[in-house]
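> As they're listed, the protein sequences go chains A and B.
Under my numbering, residues 7 to 312 are what the first sequence spells out, in order.
Under my numbering, residues 255 to 658 are what the second sequence spells out, in order.
Hints listed in this document are in silico derivations from the structure and should not be mistaken for laboratory results.
As the structure is a prediction and not an experimental result, all values here were calculated from the model.
Any given hint might turn out to be false.
Each computed DSS-like pair below joins lysine-lysine, with the alpha-carbon atoms no more than 30 Å apart [said to hold, decoys possible]: (1) K445/B / K607/B; (2) K450/B / K196/A; (3) K445/B / K196/A.
Each chain is listed here by its residues.
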Amino acid sequence: MNPKKLTIDKIQEALRGEQYICDRSLATVVYLAITLGKPVLLEGEAGVGKTEIAKVLSQVLETRLIRLQCYEGLDANTALYEWNYPKQMLRIKLEEVSHGDREAVETEIFTEEYLVKRPLLEAIQSDGTTPPVLLIDEIDRADMEFEAFLLEVLSDFQITIPEIGTIRAKVRPYVFLTSNRTREIHDALKRRCLYHWIDYPTFEKEYEIIMTKFPQVRDHLAKQICAFMQQVRQMNFYKRPGVAETLDWASALVMLNHRELDEKTVEETMGCIFKYREDLHHLKEELAGKRLDLNQMLKSSPELPA
Amino acid sequence: MQISAEAIFKAVDRYSAVRGQGTLANLLAFGRVLKEAGLKVSLSQVIDASRSLEFVDIARRADFHAVLRSNLVSDKEEIALFDRVFDCFWREHGPEDLPMESVEMAPSWSEEKHGDSLDAGGSLEEVVAQAAGEEAKPSEETERVAVPTYSPCEALNKKDFSEMGIEESRAISRAILLIATKIATQVSRRKKRAAKGEEIDPRWTMRKSIKYGGEVIQLVSRKRRIKKTRVVLLCDVSGSMDCYSRFLIQFMYGLQNELWGVETFVFSTSLSRITHLIRTKDIGSALERISRSVVGWSGGTNIGRSLYTFNREFAPSLVTHRTVIVIISDGWDRGDVGLLEREMRGLKRRCHKIIWLNPLLASEHYEPLCKGMQAALPYLDLFLSVHNLNSLIALGRRLQKLVA
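Just chain A, with the same shape it has in the complex (with noise of 0.2 Å):
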């Protein structure tokens, strides 16, 4: 598709037709960021989507998707460029044997043939009409140093390498960072970008998305999926289960042919949901205890609209 005809109604189409089911308002805020080129801020609880819609839009955009991932210790030789040493020093060995040049050797070891690409010079360096999808990923994990450097690389959008010159993108890459918020993001990058919140979906959205991937499943069993979610994420569980975790769990019970949600079936697929063995305790217990009833919680579940 060309990023250029888009609209925020194609927009949240497009989306649609690669099965991921998203508000207007994320959808706004996906074409402001390829209107605009500016860089998308993504936080929400774990399972909701965030890393999903970096690939589904590079999926519509029929553009690659360059994935960067964060972790502790992240660092801009593994984020941007890295020499490839071994490299130079079998090249300084021959030149060596065959007492060749020396000057010539020394430039040649610092071109782009002994460059190792990592994904942020990959992004800006990448030359197709549409431009990539950048994605990095849990932004929150990496170092505040890391965060810091990355601002200077997102307000460019330009790499120096002293040995070779200064590399400024072609086409400005389409920029999603995601966090899990297990740290403040530094107000200096969060400016950078637009923000957004992807919030637990409410039951209708959930059910949308069940149907959407899993046609088959029956109607009836997909609201009982949906309305069990929703009440569970009212509850105090270590870990509150994402749309991640809906779907496996969906999947899993089509695979088992299960056309119905009773007590039984819950504790043998709880697995799907709940991976803490204490949260796997708990809701054992709430279900022994009545407190989570699955005849109720569908009555109470708002009537979907035909």
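Please arrange chain B on chain A, whose structure you already have, making use of the hints.
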């Protein structure tokens, strides 16, 4: 971020003169109002927002709102406040056809639900608290859902930890996580070999080059070691601390689960070690287990004797020169003050730092006059209050400086 509804209206009113002179002027005024309401809004953000507006149909209120919000807000906690100010500033009409003179002060954003309290000029907080009360029933309007989320944080920052909901305890967990990571990531001056270090480790580089016949092919790097600080929590659970006990457990539980090598003890008239009891992800069952096994919960206090037991039985193996001792107590002691002082001195000699957290310290009129507290004071490195979320965040900051 404390702002009353009245203040928002006043701010909106103040800038009414510049409005109606085009979108940018309106936006700038809007930015100012947001700033006065306590949001961090920079000029460049406002300019970007106005640029963004060129690309969308501003007659659609939802889009208009989404565009401004994504540009001007940069934190989840700010969203609720932004929405309030937005509704207040732009009212029902689009930005262009806003009738300047005929605007009444009656807040259109208070509508059905929150109407009465606003007319009374109640503070935003009250309104929000009211909204939070209504949170219980599932809200069908997605627009409104964001509003109550404002309340837990805002109210929690000030209110004592007595009754807490899920959202609130999550906020506490987050604060504790910050504290924990600050303590845990203290860097040492010593270095160790690391895959992604900041400098080259010559010794290991040479060592590695042996297999290539002395040719340096692979550079090995090194980085600073992360020093592991051990934290020992000593928590008062006597009767006088009852109203804080829920928070205390949450704190102990949170810190121990986030940090390596935390040992947790509770004391009233005697001392018990509960580290193993709260080594679980489920706070509910932890609570149960503690109440089953701890003797003297909500009883009297004998800090001196408890410390005596600690120093004799546990300190030799647990406390080193790198250990930070955290004592949480109000200092009301019914035991022997002389013993308390002796034991504090002994403990001080053995450990790195002693931090005393006193929930009473929050009240303005409190002075550490009771004998127990007086006796302990000279041996403390830090005497701080913990009674709410703000104090917890402050604690995080202080701890970082202290252990560094």
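> All hints, please: hold or fail.
Going down the list of hints, with the structure as the test:
| no. | hint | in the structure |
| --- | --- | --- |
| 1 | K445/B / K607/B | 24 Å, holds |
| 2 | K450/B / K196/A | 27 Å, holds |
| 3 | K445/B / K196/A | 33 Å, violated |
The structure is inconsistent with hint 3 alone, although it conforms to all the rest.
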